[in-house]
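Chain by chain, the residues:
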Amino acid sequence: MNNRIRLLSEQMANLIAAGEVIERPASVVKELLENALDAGAKNIQIKIEKGGRQLISVKDDGIGMSADDALLCLERHATSKISAPDDLDKIGTLGFRGEAIPSIAAVSRMKLTTRQKNNLNGTEISIEGGKIKQVKEAGFPPGTKIDVRNLFYNTPARRKFLKSEENELYHISAHLERLVIAYPEVSFNFQHNERQIKLYPIVESLRTRIITALDSNAEDYLLPVEYQDEYCKIRGYISTPDYTKNNKQYQLTYVNHRWVKNNTLDFSLYKAYGSFVEKGKYPLAVLFIDIPAGEVDVNVHPTKREIRFRKEFEVKKRLLLALNNALSKKEVIPQVVFENDSNKTANRQNIFTQVKVDYQPGHHKYVTYKINEDAEVFKITSLKDQNKHEAYRILGQVANLYLIVEYDNGFYIIDQHAAHERVQYEKIMSEFEKGPVESQHLMYPSPLDLPTSKLELLKAYLEKLENFGFVIEIIGPDSFFIKAIPAILNESSENPRQLVYDILDELALNSESNAEKKIVSNIAASIACHSDIKESDKPPQIVIESIISALFSCQNPFVCPHGRPTLIRLTLAELAKKFKRK
Amino acid sequence: MKIVCQRSLILKAINDVLGVTNKDTLPILSNILLDGRASGLELVGTDLEVGIKTVLPDVVKEIGAITVSARKLSDIIRELPEAELQIVLDDNNNVIISCQNAQFCLNGIRKEEFPLFPEFSEAESFEISSEILTDIIKKTIFAVSKEESRYTLNGVLLNATAGSLTLVATDGHRLAVAGTTLEKVSSDDISIIIPIKALNELSKILSVEEKSSVRLMVEETQVIFKVGSTIIVSRLIEGPFPDYDRVIPKEVNQKITLSRDELTHVIRRVSLLANQKTCSIKFILKHDEMEIVAKNPEAGEAKELLKINYQGDFIKLGYNYRYLLDVLKCIKSENIIFEITQPLNPAVVRPESEIENYLYVIMPMKV
Ligand SMILES: Nc1ncnc2c1ncn2[C@@H]1O[C@H](COP(=O)(O)OP(=O)(O)OP(=O)(O)O)[C@@H](O)[C@H]1O
Ligand SMILES: [Mg+2]
Ligand SMILES: [Zn+2]
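Heads up: the sequence lines are chains C and F, in that order.
If you're matching positions, the first sequence starts at 1 in this note's numbering and goes up one per residue.
If you're matching positions, the second sequence starts at 583 in this note's numbering and goes up one per residue.
Take the hints with a grain of salt, since some may be wrong.
So these bits of chain F aren't anywhere near chain C, every CB distance computed over 10 angstroms [stated by the list, open to error]:
| id | residue |
| --- | --- |
| 1 | Lys605 |
| 2 | Leu757 |
| 3 | Arg851 |
| 4 | Ile890 |
| 5 | Pro933 |
Capping the alpha-carbon separation at 30 angstroms, the derived lysine-lysine pairs in DSS-like fashion look like this [claimed, not checked]:
| id | chain 1 | residue 1 | chain 2 | residue 2 |
| --- | --- | --- | --- | --- |
| 6 | F | Lys832 | C | Lys483 |
| 7 | F | Lys728 | F | Lys808 |
| 8 | F | Lys832 | C | Lys464 |
| 9 | F | Lys898 | C | Lys427 |
| 10 | F | Lys720 | C | Lys483 |
| 11 | C | Lys427 | F | Lys885 |
| 12 | F | Lys948 | F | Lys911 |
| 13 | F | Lys584 | C | Lys483 |
| 14 | C | Lys459 | F | Lys911 |
| 15 | F | Lys728 | C | Lys483 |
| 16 | F | Lys898 | C | Lys434 |
Chain F side only, calculated, beta carbon under 7 angstroms to chain C, not exhaustive [stated by the list, open to error]:
| id | residue |
| --- | --- |
| 17 | Ser731 |
| 18 | Gly754 |
| 19 | Pro824 |
| 20 | Ile838 |
| 21 | Lys859 |
| 22 | His869 |
| 23 | Pro879 |
| 24 | Pro946 |
| 25 | Lys948 |
Simulated from the structure, these hints should not be mistaken for laboratory data.
In this text, a Cβ means the ideal position worked out from N, Cα and C, and glycines have one as well.
From just these sequences and the hints, can you work out the full model?
What follows is the structure in structure tokens.
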């Protein structure tokens, strides 16, 4: 027999952030799965009944426990994973506090069955509300099974907080999914109410796991991320900028195999894609950072969800490099590629029949636009801006979407919608700079539903938000209502609540500086978005002229407020190359 | 199918249902159903939200049914001379329209492809004069929210209880309430939210109908209006309508009486220089006068003085001038009453006459 678990000393125990680990069935599932994975399991079976209220059972084929260990693991701060204070700095397992099993046992009826491979007999222990009721020998295949019944049966207050079966199941699946992604070499069999919900077989690669477990549509859009030096190793997959999701749930980051939420990682992703992804869209990303355990502090949050990097900047730098590498195997600047077939040339009106736009780095999906057959080619106008610009000529409009302008030794293809947004945006920005900000009061104040992390942020920026027209009233400690909105929003149908969420999201990314700018630019972008030129409109010539002249005098004419490009350029030199003149 | 009919007669029927045909969703929904039955020609259009059916008696010579493009059909018939025309369906689903020397052949789609007109019971809830209904719809519908995310505000609330009918609309910045008395109501109270689209179509139909009455039936998920030989069935918006009574101030500090026309003109003039993005104008109240001011750093400044009867404190109020003009347009009486409490509390605008049964609430701006 081989005993491994020790009780941590009092001093050690205090070093570890205490806290309520078990919030709901999903936390139980997560802890049990982590234990099974730490025990080296290859096949894990999860059985849930009634959303976890009735039963949560996790069975693994890992190393199992001796009879002594099985009893000891029920004690608080009993762990086989660390022993000396130094170990805390190099945690290589998912668990380390020796807290999960006793915390679960205290609030449920638990049955633990386990056997080590070289032991002939297994052990079965029944516990109720943390008290051991029975210990006996039992036949069992090598591995461990923990059944948790009637969760929170002895803490009715918490039991009352459990949500519907579907809701709890959703949270369980979310936790499961995160672990499943990190362990392609392990199979997971997930059952609910005796029905198999999901079976994740062992697969040969992370890529296959991502496609089978996370998003099968992403298959054609995954770019590998690889980076390694003495300090850390980064690997994983991200989607090309043209494949995005509507929420961040498809962005999973892991540090030393542990799924974490970390602002540095979020921010690097946001930064790397920058203007290639529209606001409100999120590329898919699964990233693993392997870094010496001493370089991260996992002991920040009781559920181990948050971590801190010792050298945040070093990590950010490397991650950005890795992401940029993955994204820019090719040129990232928008460029134009003509179709290969060059039999019909010369006719100028034909030249745009097939324009292919390729601004997806490392990726061969082309977007093809056809000319609108009856789109008239506008009368050529020559405008000269007195001081700033040299002459440009508006050549015409393609597919009611794009404007073609000759300018600066080549020509520009301008997305008229994006260009118009940019123009509106800069107008509104200057509006804000000019005078006092007016706000429109609401008949029915709109409640804000915010996570605790955002509440503090909101409180900190309450006054600044009010300076820009958002009057937000505090009704209770965590109950906020929008009472008034910037009057400038009147004519747009933007949902003010969403706007506040967006602003807070952005403030959260990098809160120290530039808060005003972020608030204003969010308001401005949301208004500009509702501007009057819709896609596939054919605005009159005079409007086109004014958009272009306004765009060319914008402070930043190159991207729309959401970060999409407003124009792409084709130079004469490039043309000459295409026509094999050089 | 064979229909023989006077041009203007069928044109009116087509126009009644045209509004709900819609080319953006399913292609079949851009069609109109022509269903020639023994009882008459039924013309049906629907966008699946709102369906309209109207019946022309005595025009069906041979029964049969087909759907054709509503736009094309109405365009063709509009251009025909005022005469008797004939619509015939051939064996290949072609619809042949002939009138004097002109002939058109339209491709049709079989009736089976067209959505079924919703079933409804005949249990009537109440009947109301079309004039009164048109009036209270007009007085409220402009305040309906256009913001799709607040879908319960995308319609008009209709409340009917013993002896009275009330319509309410709000977009969260202003609120419109208009009511009338009812002679006959079914025993149950009614409280439903009718999509703006249905009321627009109803108003359109009522505007070309001679004075008549509208019969209304409410079922769990739909409302039915019957006007003459036309039926409108609309889905209801489900969900709670905000408590509108709560936002109508019960106690007011100041009631200011103003001439509707004068105020309208002043606001129209002054707002010429208002910031056209925020639409704000200011009311500055002093002893016995009110100054209306608009300021716009780009354009300049406008102000105009109105003599009023006011003994309260000096006070500055801000409003969206468009909201004010919308309301003034709806008020019929010569004078209006403007009721205020605090600068940042809602203001009430109502007709002076006590018998008038409508009012408006406007949320202020901080300027
Ligand atoms: N499925 C399992 N197979 C083998 N050993 C297990 C298993 N589950 C738990 N153990 C043993 O029981 C000990 C206590 O588990 P517990 O989850 O309470 O603490 P931990 O994993 O060490 O730390 P944490 O509280 O951070 O999860 C573990 O250290 C491990 O030795
Ligand atoms: Mg553990
Ligand atoms: Zn944009």
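Subject >> Hint check against the structure, violated hint numbers in rising order >> reply: The structure conflicts with hints 2, 8, 13, 14, 20, 22, although it agrees with all the remaining ones.
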